[in-house]
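Trainee: Sequence:
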Amino acid sequence: TATTLIALMPELGHVSPKAIAALAGLAPFNNDSGRRRGQRMIRGGRRRVRKALYMAALAAIRTSARFKTFYDAVRARSAAAKVAIIAVARKLLTVLNAMLKTDTAFQA
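The sequence shown: position 53 = 415 (the working numbering), numbered continuously.
A hint or two may mislead.
In the PhoX-like style, the derived pairs of lysine-lysine whose C-alpha atoms are separated by at most 25 Å in a straight line are [unchecked claim]:
1. K380 to K444
2. K430 to K380
3. K413 to K444
Keep in mind that the hints were calculated from the coordinates and are not lab data. These numbers come from a predicted model, not from an experiment.
Sequences and hints are given; from them, build the entire structure.
Mentor: Now the structure itself:
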């Protein structure tokens with residue numbers, strides 16, 4: 363997963379957390395028109411990066427107490443399971459982006 367992310371996302375460590383989530387396809391965009399407020403949906407982004415992060419999020423939920431707690435908190439806000447998994451994937455990506463930006467190791 364790390365090799366995939368570094369190879370397919372050379373922007374890691376150089377852009378903001380919102381920008382990196384949008385590039386990976388993990389940021390919801392609104393679909394509003396006039397007075398109508400549409401759904402927030404995830405469209406676009408880099409498919410291979412999103413798939414790698416999804417699988418990494420599943421593993422993180424099982425093995426890391428920090429990410430399991432975050433997953434449970436998102437689920438408690440009445441979010442669907444897959445929405446919560448995508449939230450964990452985005453959290454993983456923003457943590458990785460911050461690690462590369464500050465040149466620090468992951469601290470569980």
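Trainee: Which of the numbered hints are not met once you compare them with the structure shown?
Mentor: none
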